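Colleague: In order, the protein sequence lines correspond to chains A and X.
With the first sequence counted from 1, adding 44 to any position gets you our numbering.
In terms of our numbering, the second sequence has 165 at position 181, counting the first letter as 1, and numbering is strictly consecutive.
These aren't lab readings, by the way, just hints derived from the structure by calculation.
Check before you lean on any hint, since a few could be wrong.
[As the list claims (entries may be wrong)] Below, computed lysine to any residue pairings styled on SDA-like, alpha-carbon distance capped at 20 Å: (1) Lys636(A) x Glu195(X); (2) Lys72(A) x Gln54(X); (3) Lys503(A) x Glu144(X); (4) Lys134(X) x Ala66(A); (5) Lys72(A) x Asp174(X); (6) Lys134(X) x Pro61(A); (7) Lys74(A) x Gly133(X); (8) Lys167(X) x Arg124(X); (9) Lys309(A) x Ala167(A); (10) Lys503(A) x Glu140(X); (11) Lys72(A) x Gly133(X); (12) Lys72(A) x Arg124(X); (13) Lys636(A) x Asp174(X); (14) Lys311(A) x Glu194(A); (15) Lys199(X) x Lys400(A); (16) Lys72(A) x Gly128(X); (17) Lys389(A) x Lys400(A); (18) Lys167(X) x Glu117(X); (19) Lys199(X) x Lys74(A).
[Claimed, not checked] What the simulated footprint calls covered on chain X by chain A, stretch by stretch (three residues with Cβ under 8 Å from a Cβ of chain A suffice, anywhere in the stretch; the number is not a length): (20) 93 to 99; (21) 118 to 130; (22) 142 to 150; (23) 176 to 182; (24) 185 to 192.
None of these values were measured; they are calculated from a predicted model.
Glycine included, each C-beta is placed from N, C-alpha and C at the ideal position.
What follows is each chain in one-letter form.
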Amino acid sequence: MPYQWPAKRTLIGTSVPRLDGALKVTGKAKYAFDRNLPGLLHAKILRSPVAHAKILELDLTAAEAMPGVKASHVVKTVGGELRYAGDEIVALAAETEEQARDALRAVKIKYDVLPFEHSEEEAFKKGGTPKVDEAGNVEEALSKADAVIEGTYSAPVITHVCLETHGLVAWWKADDELVVYASTQAVHNTANGIKSDALFKGIPNLKVTCETPFMGGGFGSKFGPDIQGIIACQLARKAKRPVKLMLERDEEHWTGGNRPSAFAKVKAGATKDGRLTAFDAVTFGTGGHSGSAEFPLPYIYAPETRRRKHTNVAVNAGDRRALRAPGHPQGCIVTEQVMDDLADKLGLDPLDFRIKNIPDAGLFKTLKPIYEKEIALGAEKIGWKKNRHSRGDQTPGPIKRGLGCALSTWGGGAGQAQATCTIHPDGSVEVAIGSQDLGTGTTTLVPLVAAEILGLQVKDVTGKLGSSIYPPAGGSGGSTSCGGVSVAVGVASMKALALLFEKVAPKLDAKVADLQASGGRILATNGKSLSWKQACAMLGQQPVVGSGDRKDGDTKDDQGKIVSVMSSQGVGGAQFADVSVDIETGEVRVNKIVAVADCGMVMNRILCESQVLGGVIGALNSALFEERRLDPKTGLMLNPDLEWYKLAGHTDIPEIEVHLLDYPERGVIGIGEPPYIPGAAAIANAVTNAIGVRVGDLPFSPRRILNALAKK
Amino acid sequence: MKKKDKRRGAPSEPSSGFSRRNFIQTLGIAGVSATLPLAQGCGAPGSGPDVPAEGIGPSAVEIALNVNDQEVRVQVEPRVTLLDALRDHLKLGSADPVDLTGSKRVCDRGSCGACTMMIDGRTVYSCTTLAVEAQGRKIRTVEGLGKDGKLHPVQEEFVECDGLMCGFCTPGFIMSGAACLEKKPNASRDEIRAALDGNICRCGTQTRALEACEKAARRMKGRR
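Just chain A, same shape as in the assembly:
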C-alpha cells in the first residue's frame, strides 16, 4: 500500500500561526546578520568602481597596516579582469566595520579602464547568434489570420532586494571544523559548497556545518556560499577568529542577483472566432556579464505555427540568479499583453479568448478546467461583467479606470528531502530535516505534518530544521520545499508510529492494523485505548525512529509510471487587476487585485494565503516601480539603494483578495512562486484597458504612461 495522507485530517488545511512568530516580533530571532560571536571580526570587500577594467597595480601594504586589520584576501590581482562595477577585488577583516571600511580605502590600486556595455538594446543591435525555435510557416499563418497585431513589450532587469543581504559568519572551531551562520535558502548546498571549494577541499576530514534557523529573504538568490561566503571562511581561517561578512545594500544590488530583462517584438495572428494561429517573436534580454536571459514564449498558449528568435546579450553588470518563478513572469508579461491586444482587435472578451486557447494537451489538459473555474471566480470577484469596458475608459475626467487579467502556470513538485521522526519514551517527539524556512513557514509545517500523522497537537512536536546537521533536503527553490518536506516528514512520522504500534499492540490485545493515533491517544478497534504518554512509556529505554524520504511517497501506476499520491506538480493561476490611471500626471494606482491560486492540498491555510499575498505585492512592485538603472556614461548602477530603487510603501498596496482552490486529492504542491507570476501582466492589461493605449514597457512610471499617451 503506498503511503498516503489520512482521509480525515484535523490539522492539515487549517490555519496555524507561525511557530517562530513570537521570536521574530520580539527581535530575538537570530539571523546570520545578528550573530555576534566572541572575538568577531568584520570583513568588507573592495569592489570595482568601474564597469569594465583590468587591474594594473595592486598593493595591500598600507591597507594591511591600518588599525584593527587582521587578515586580507585577494580575489583578483594584477592582470585580472573586472567585468562590472561591483566585481570583487580584495577583502579585509578588521576589529570593527568602520576599521574595515577605512582600511579598504588604503588599498593602492590602478586600473586600465576598458570599454563597457550598459544597454541590452545597444548590445542587441551589435548582433549575436539568435536561437531559433520554429514550427510551421509563420508568414503564411499570419497572412491568413483574421486579425494581426504587432507590438513591443519589455520588462527591465530587477534585483532581488533581500532585506537581509547575502553573507555569513564563519567560525573555525578547529583546524578541520568550520561552522557558518549563513543567510541561505539551502543549508546543505551551502555547507557542501564551502567544503568543495578549491581553498578548502585539501583540508583532511574537513567538517562544515551551516546553521540557518532564520533568514531574511532569498527569492531564489541564496543557494550557496557565494564568493563572499568563501571569502569570509578564508579570512576567518587566516585570522583564527570568527568573521562576519554581510553585503552592504549597494553590494546586494550589484552582485546579490537579479532577474534578467526581457525585450520582445511580437507579431501574432488569430481567427475571428478566437483561435490564436500564429506567434512570431524576436526577443532578447540580459542576464549580466555572463548570465543568460531565457524565458518561455509564448507562455501557456501553444499555437501550432510559431517562430521565436532569442538572443542572450551581455552587459557589464552583475549576473542573473533565479528570482521567484524564473522566466515565467517575463513570458507571462509579454504573452498576456499580446493576448489582450488580439482579443481587443477582434472585439472578443479577453477571458473567453484565453479559455479558448489553453492547450488541450499534457499538463494543460488537467489544468484547463481549473483555469475555467479560476477565471469564473476571479471575474465575479473583480466585477468583470459589470465594469469591464472595451479598450479605453470613455468616461470624462482625468482618472481612467480599467480591468485586466492574466494566467500563470508552475510546477511546484516535491523536492528531494529526507527526515527522521523520533518518538521518545517520555512522549516527546522530534522531527529533524535539513530544510530551511525562508519566511515561507517550513518551521511550522514540519511539526504540523508530524502532529497530523501522530494524532497530536502541533505544540507536542519539536521541529528541528535550518541546519546541515539534519538529514539532507534540497534548497528551497522551485516551490519544491512544501511538497518535499511534507512527504518526507509525513512518511517518517508514519514509520515511527508503526514502530510504536508494534510495541503497544499486544498491550491493547489488538493487531497493529487495528490501531490508530487520534486526539492524543492510541485507539484500538476493540475499544481499548492508551494515552499517548502511556503508549510511549511502553517503549522502555529506547526511542523509536522513523526515517522518511520524499521518494517513499512515490508509487507505480498501472503503466509502470512513477506517481505520488502525497504530492504532485503543475498548477494554474489567474489574477485580476483593477487600476486607475491619472492621464494628467501619469500616476497608476492599483485599486484591487483578485488572486485565484491553485495549490493542490492546502497545508497551512493562513501561511499559504500569506504566500499568495506576497506574490501579488511582489508582482505589483515589478509592474509599477522596480528597475535597475545603469548610467550610460559610466555603467554604474544609478539606484543601488532603497529610495531610488523603488518598492511599494503601505499606501501603494491595494485591496488584495486571495482565493485558494483546494484540491486535496492532488496532494501537496508548492505555492511560493506561482502567485508572483501573473500580477504584473494583469496590471499591464488593466492599464491599457483604462487609458486605451498599450504602454508595453515596464515599470509603469508616470513618464512611460505619459509618453504612451502622447503617441496616441
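Please build the complex by placing chain X on the supplied structure of chain A, with the hints as guidance.
Modeller: Just chain X, lined up with the frame of chain A:
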C-alpha cells in the same frame, strides 16, 4: 508621525550612482588611472569621515545610553550610528553584554524603516542617528516593547494575523505600528497606513501587517 516617504520626496543624496560609502571608498583609492572618469565631479573632498566631531573623537569614546530602561555603556567612535552601536558594539564595552540585534540594518540610509526605534516616544531611523546624539534620551527598541514577559498587543496581533514572513523588516513595522497606536489608539486605517508607509517589506506582508495593527488598535482602545 515621523516618517516622510523619502522615495517621493526630494532626494537626500544626488543620484550620481554613488552611495555614500562607495563614494568615500572611491575617493580613497589612491593612484586611480587618469582615464578614469569617476574622479571628476564627485564633490569636494573635506566632507569625508576624517573631520572630527567637535569635542570628541575621532577615536572611540565611552558613552552611556538608556536603552529599554536599562543603562548600557558602550565604546564607540563618534561616527558610529545608534543602530550599529546597539547591534555590534555592546559586547565590546559591557561586562554583562546585552545583545540587541532586533533592529535591522537594511538600507543604512533612512529609507526602509527596518532600524526603527523610539527615542523619547518618537520613532527615528536609528541608522541615521549617531549613537553619541542619543545620550541622555530614552531609547526603546523592539526588545523593550513587551512588558513583564508579555508581548505588546501589536506584537501579538502580528503573530496571530501573520503580519510577517521572513521577519527581517518586522521589528521596524512593529515599532512604527506601536508608536502610532501608543500615541493614538483610535488611529484610523489611513493613519496606520501612513505610519507604516516608511517601512519596506520584500516578502509582501503589508496587507496583514495593516490588519494586525488595526486589530491591536481595537484592543488598545478597549483597554483605556
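Colleague: If a hint holds in the structure, say so; if it does not, say that too.
Modeller: Right, here's what the structure says about each hint:
Note on Lys636(A) and Glu195(X): the hinted pairing holds, with a Cα-Cα distance of about 16 Å set against a maximum of 20 Å. Taking the CA atoms of Lys72(A) and Gln54(X), the gap is near 17 Å; set against the 20 Å cutoff, the hint holds. The straight-line distance between the Cα atoms of Lys503(A) and Glu144(X) is roughly 16 Å, inside the 20 Å bound, and the hint therefore holds. At most 20 Å may separate the alpha-carbon atoms for a hinted pair to count; Lys134(X) and Ala66(A) meet this at roughly 10 Å.
At roughly 30 Å between alpha-carbon atoms, Lys72(A) and Asp174(X) are farther apart than 20 Å, so this suggested pair is violated. In summary, the hint linking Lys134(X) to Pro61(A) is supported, as the alpha carbons are separated by about 18 Å, within the 20 Å threshold. Of the pairs offered as hints, the one joining Lys74(A) and Gly133(X) holds, with about 19 Å between alpha carbons and a cut-off of 20 Å not exceeded. Among the hinted pairs, Lys167(X) with Arg124(X) is consistent with the structure: their alpha-carbon atoms are about 15 Å apart, no more than 20 Å.
Annotation: proposed proximity of Lys309(A) to Ala167(A) holds, straight-line Cα distance about 16 Å (limit 20 Å). For a cut-off of 20 Å, the pair hint linking Lys503(A) to Glu140(X) stands: about 18 Å separates their Cα positions. Taking the CA atoms of Lys72(A) and Gly133(X), the gap is near 13 Å; set against the 20 Å cutoff, the hint holds. At roughly 15 Å between alpha-carbon atoms, Lys72(A) and Arg124(X) fall within 20 Å of each other, so this suggested pair holds.
The hinted pair formed by Lys636(A) and Asp174(X) meets the criterion: a straight-line CA distance of about 16 Å does not exceed 20 Å. Restraint check: the Cα-Cα separation between Lys311(A) and Glu194(A) comes to about 4 Å, which is no more than 20 Å; the hinted pair holds. At roughly 44 Å between alpha-carbon atoms, Lys199(X) and Lys400(A) are farther apart than 20 Å, so this suggested pair is violated. Taking the CA atoms of Lys72(A) and Gly128(X), the gap is near 11 Å; set against the 20 Å cutoff, the hint holds.
Restraint check for Lys389(A) and Lys400(A): satisfied, since their Cα atoms lie roughly 16 Å apart, inside the 20 Å limit. A C-alpha spacing of about 24 Å is found between Lys167(X) and Glu117(X), which places the hinted pair above 20 Å, so the restraint is violated. Pair hint Lys199(X) plus Lys74(A) does not hold up; C-alpha atoms about 27 Å apart against a cutoff of 20 Å. Closer than 8 Å: that is the beta-carbon criterion, and the region 93 to 99 of chain X has 4 residues meeting it against chain A, so the requirement of 3 holds.
For the region 118 to 130 of chain X, the stated coverage by chain A is satisfied: 5 residues place a CB nearer than 8 Å to a CB of that chain, which reaches the threshold of 3. Residue count for the region 142 to 150 of chain X with a Cβ under 8 Å from a Cβ of chain A: 7. That meets the three needed, and the coverage hint holds. Under the rule that three or more residues need a Cβ within less than 8 Å of chain A, the assignment of the region 176 to 182 of chain X holds, with 5 such residues. Closer than 8 Å: that is the beta-carbon criterion, and the region 185 to 192 of chain X has 8 residues meeting it against chain A, so the requirement of 3 holds.
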